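Q: Residues per chain are reported as follows:
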Amino acid sequence: MLSYTIRRIMMVLPVLLGMTVIVFLIVHAIPGNPAQVMLGQQASKEAIEQLTKQLGLDLPLHIQYLDYIKNLVTGDLGVSLHTKKEIAEEIWPYLAATMELSFVAMIIAIVIGMNAGIISAWFQNTWFDYTAMIFALIGVSIPIFWLGLMEQWFFALQLDILPSYGRDNVRNPVEAITHFYLIDTLIQGRIDQFVDVVRHLILPSFALATIPMAIIARITRSSMLDVLRSDYIRTARAKGAKMKVVIYKHALKNALIPVITIIGLQTGLLLGGAILTETIFSWPGVGRYIYEAIGTRDFPVIQSGILVVATIFITINLLVDLLYSWIDPRIRYR
Amino acid sequence: MLRKGLIATFSLLLVLSMALAGCSSSSSSDDILVYGRGADSKSLDAAVVTDGESIKVTKNIYDTLVDYGDDNTDIQAALATKWDVSDDALTYTFTLREGVKFHDGTDFNADAVVSNFKRWMSGDGEYYYYKSMFGGFEGDAGHVIKEVKALDTYQVQFTLTRPQAPFLKNLAMPVFGIASPTAIEKHGDKYGENPVGTGPFKFVEWKRGDTITLEKNEDYWMEGYPKLSKVIFQSIPDNQSRLNALLTGAIDLMDGVSPSDVAKIEGEADYQVFTRPSMNVGYLGLNVEKGPLKNKLVRQALNHAVDKQAIIDAFYEGQAEPAKNPLPPIIAGYNDDIDPYPYDLEKAKKLLKQAGYGDGFTMELWAMPVPRPYMPDGKKVAEAIQASFAKIGVNARIKSYDWATYLDLARKGEADSFLLGWTGDNGDADNFLYVLLDKDTIDSNNYARYSSDKVHDLLIKAQSTPDEAERTKLYKEAQEIIHEDAPWIPLVHSKPALGAHSKVQGFTPHPTGSDKLTKVYFK
Numbered sequence: 001m002l003s004y005t006i007r008r009i010m011m012v013l014p015v016l017l018g019m020t021v022i023v024f025l026i027v028h029a030i031p032g033n034p035a036q037v038m039l040g041q042q043a044s045k046e047a048i049e050q051l052t053k054q055l056g057l058d059l060p061l062h063i064q065y066l067d068y069i070k071n072l073v074t075g076d077l078g079v080s081l082h083t084k085k086e087i088a089e090e091i092w093p094y095l096a097a098t099m100e101l102s103f104v105a106m107i108i109a110i111v112i113g114m115n116a117g118i119i120s121a122w123f124q125n126t127w128f129d130y131t132a133m134i135f136a137l138i139g140v141s142i143p144i145f146w147l148g149l150m151e152q153w154f155f156a157l158q159l160d161i162l163p164s165y166g167r168d169n170v171r172n173p174v175e176a177i178t179h180f181y182l183i184d185t186l187i188q189g190r191i192d193q194f195v196d197v198v199r200h201l202i203l204p205s206f207a208l209a210t211i212p213m214a215i216i217a218r219i220t221r222s223s224m225l226d227v228l229r230s231d232y233i234r235t236a237r238a239k240g241a242k243m244k245v246v247i248y249k250h251a252l253k254n255a256l257i258p259v260i261t262i263i264g265l266q267t268g269l270l271l272g273g274a275i276l277t278e279t280i281f282s283w284p285g286v287g288r289y290i291y292e293a294i295g296t297r298d299f300p301v302i303q304s305g306i307l308v309v310a311t312i313f314i315t316i317n318l319l320v321d322l323l324y325s326w327i328d329p330r331i332r333y334r
Numbered sequence: 001m002l003r004k005g006l007i008a009t010f011s012l013l014l015v016l017s018m019a020l021a022g023c024s025s026s027s028s029s030d031d032i033l034v035y036g037r038g039a040d041s042k043s044l045d046a047a048v049v050t051d052g053e054s055i056k057v058t059k060n061i062y063d064t065l066v067d068y069g070d071d072n073t074d075i076q077a078a079l080a081t082k083w084d085v086s087d088d089a090l091t092y093t094f095t096l097r098e099g100v101k102f103h104d105g106t107d108f109n110a111d112a113v114v115s116n117f118k119r120w121m122s123g124d125g126e127y128y129y130y131k132s133m134f135g136g137f138e139g140d141a142g143h144v145i146k147e148v149k150a151l152d153t154y155q156v157q158f159t160l161t162r163p164q165a166p167f168l169k170n171l172a173m174p175v176f177g178i179a180s181p182t183a184i185e186k187h188g189d190k191y192g193e194n195p196v197g198t199g200p201f202k203f204v205e206w207k208r209g210d211t212i213t214l215e216k217n218e219d220y221w222m223e224g225y226p227k228l229s230k231v232i233f234q235s236i237p238d239n240q241s242r243l244n245a246l247l248t249g250a251i252d253l254m255d256g257v258s259p260s261d262v263a264k265i266e267g268e269a270d271y272q273v274f275t276r277p278s279m280n281v282g283y284l285g286l287n288v289e290k291g292p293l294k295n296k297l298v299r300q301a302l303n304h305a306v307d308k309q310a311i312i313d314a315f316y317e318g319q320a321e322p323a324k325n326p327l328p329p330i331i332a333g334y335n336d337d338i339d340p341y342p343y344d345l346e347k348a349k350k351l352l353k354q355a356g357y358g359d360g361f362t363m364e365l366w367a368m369p370v371p372r373p374y375m376p377d378g379k380k381v382a383e384a385i386q387a388s389f390a391k392i393g394v395n396a397r398i399k400s401y402d403w404a405t406y407l408d409l410a411r412k413g414e415a416d417s418f419l420l421g422w423t424g425d426n427g428d429a430d431n432f433l434y435v436l437l438d439k440d441t442i443d444s445n446n447y448a449r450y451s452s453d454k455v456h457d458l459l460i461k462a463q464s465t466p467d468e469a470e471r472t473k474l475y476k477e478a479q480e481i482i483h484e485d486a487p488w489i490p491l492v493h494s495k496p497a498l499g500a501h502s503k504v505q506g507f508t509p510h511p512t513g514s515d516k517l518t519k520v521y522f523k
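Going line by line, the protein sequences match chains A and B.
Position one of the first sequence corresponds to residue 1 (UniProt numbering), numbered consecutively onward.
Position one of the second sequence corresponds to residue 1 (UniProt numbering), numbered consecutively onward.
Calculated directly from the structure, the hints in this document are not laboratory data.
One should not assume that every hint holds.
[Unchecked claim] Computed footprint of chain B on chain A; a stretch qualifies when at least three of its residues, placed anywhere within it, have a C-beta under 8 Å from a C-beta of chain B: (1) 161 to 168; (2) 181 to 188; (3) 277 to 285.
[What the hints assert, rightly or not] One side only, chain B facing chain A, incomplete, derived with CB under 8 Å: (4) Asp-31; (5) Gly-209; (6) Ile-232; (7) Ile-236; (8) Asn-244; (9) Glu-268; (10) Asp-270; (11) Val-273.
In this text the structure is predicted, and so the values were computed from the model without any measurement.
The beta carbon of each residue, even a glycine, is placed where N, CA and C say it ideally should be.
Let the hints inform the model, and build the full structure from the sequences given.
A: Here you go:
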């Protein structure tokens, strides 16, 4: 297990390096000179040239890349061209906001999605199964953008029971410590604010959870069906074991492998969906941080932001692989 | 069992959200105004910003020497209580308000004014507005301000190299807000995140991409003002989400209401709509250096081919009037005698034939990717114009880029024709005609790359003529030539709408597009 883990971690390094090359090239392929954008449309040519030089943007691309990698290795994500602040420091509140949202969304997706899948499998071809799978089908194909606006319209505008945007009540803002507001409000014993934060989380996290929830439900169902058809389960059922026992004691662990893979993948994809959700719900997350940086051609922020997100994605996949091989040791030797 | 579990989960969520609904925003205080808008600011250093979203905030942090009226661009006292202008219009002596303090506790006085002007004049930073309003930086040939000196603690004297008619109107622009010299020195290149002025509100916090919080300046010089204890500028990029936020009471005032949503807000009992006086122009620029567009007759033909009223009815819900000049009618110098090019396809075809393009031609039509007050939906307007052009055999290919690229490439003259617009900064004709259509401003805001020596001479003369009647005459003449040369198809002067809760009182939308919230209060 240990050697597999090490091997698996070593494999991540070239992937990360490849990532940096791709991100660097894409970012530099975006048309528009950051110096121009920073100085505004009316800036003089001399001022733009001067700033371009100052930012090192006049150097050959490979030199710029090497500088970038050198800094990265020392943990330096660079400085935002725009705010002149360290990105490593600046990105954290946004990252925390996205992580909080994604985490809650994933919990919702797993809890509801897996349970729906399990029940659908057990009661295969019943009304519950059909209804759940129709919802799952709608769930995977529904555009988050539309769903988000519908949620706002129904829960915020018509019923007026939930806030339609943001992380907290701006009139009574949360004082950030860790920047995970659920934690921060609890540390400070501000139950009123905690409730506020939970209320703000509900709509965007459900919007974000919809697709993974639907996929998890479908995968759990089909995986569970496979397992339920196997001999040992049939034996258990024939012996009159209760559904709960059959599923949770015998079937679940075996049915879980594809589900875990899909959960890992979906968690990664969630980060992509988060950008849309963050836009509709004005959620100050890393998606919007990068999006705004693209608008101002803030190269260091774009490339470091994407890299951070990509690293999280790769890390999640790594963890899934490791978990996978722990559940089913045969996988390690493939 | 499991089914029960699932039902229980759903019920729990529903109950939870219902229960939590009861605890909603009970702690909100009534004198905090949340101003919802489409984008965040870029910097809060008033002198370096050029975007409206930054100015909206800085206008409330800083005061200028003189200010505009509440709903017009007439000049009134602000940090300067009075001013004397010499007969040759070359010397301006300002008497400053006494006892005013910057938010950091330092004194506002003549030295602070001199220090601010020295900073801008030096041209060390990119003080775009200083450069464009005052003809360059210190040492430049066209620089208008020869000297700024403190006569005593509360008297400042400006000496000009030549008379500049809109001088006071320029000084009133929010970008010339007087900042604390101590704070500028203290924060260096991070000053833009730590702004200190003398204005009605003090800067508290900036969460990038999210909120900017300002609080009441308790020592504000205007007796009894400001009324609000806090102002929070909240960026909500999506128009529909912003509207939802308004209608759920999460924000109190909403900027950038889509014309199609105006009726909806008006239909709600507890909400009101504010209409900003129109001081803008939306237009289709025709690059006079490109292909068939080099020919004046072609440009005139295209002018005849656009049905402006139809565009207004379709995309502005009537919240605009058709434009015939680059200037909106509220600006002094507007030439109302100009006959607009009527929508006349036959005439257009005839002109094209006369120009040698009887079989038509192909060109690019650039559509703005972002909504702006003067152009709520660039893509749809572009499509409408494209359809019109097709009727006279002109095949317009619609192109669009992200906003920064769009401006960058258009500025370099890469667009054949492009949708754009302008909101006036100071209510002066110079701020439209010179800035947008003078040969000096090619490679800057003159995206049509229109160059006319006659127009240039008129505009420069108007700049240095103190006599308003004479200036009006010069501007009218310039508009005639521009109309004839047709470097643009002027489309509309829109009336941008804002939505607000009915408890918001004392708010007057300013024609410049940025509002001072000093007098706003809650009913």
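Q: Look at each hint and say if it fits the structure.
A: Going down the list of hints, with the structure as the test:
no. : hint       : verdict
1   : 161 to 168 : holds (count 6)
2   : 181 to 188 : violated (count 0)
3   : 277 to 285 : holds (count 5)
4   : Asp-31     : violated, 10 Å
5   : Gly-209    : holds, 5 Å
6   : Ile-232    : holds, 5 Å
7   : Ile-236    : holds, 4 Å
8   : Asn-244    : holds, 5 Å
9   : Glu-268    : violated, 11 Å
10  : Asp-270    : violated, 12 Å
11  : Val-273    : violated, 18 Å
Going down the numbered hints, you'll see the structure goes against 2, 4, 9, 10, 11, while the others check out.
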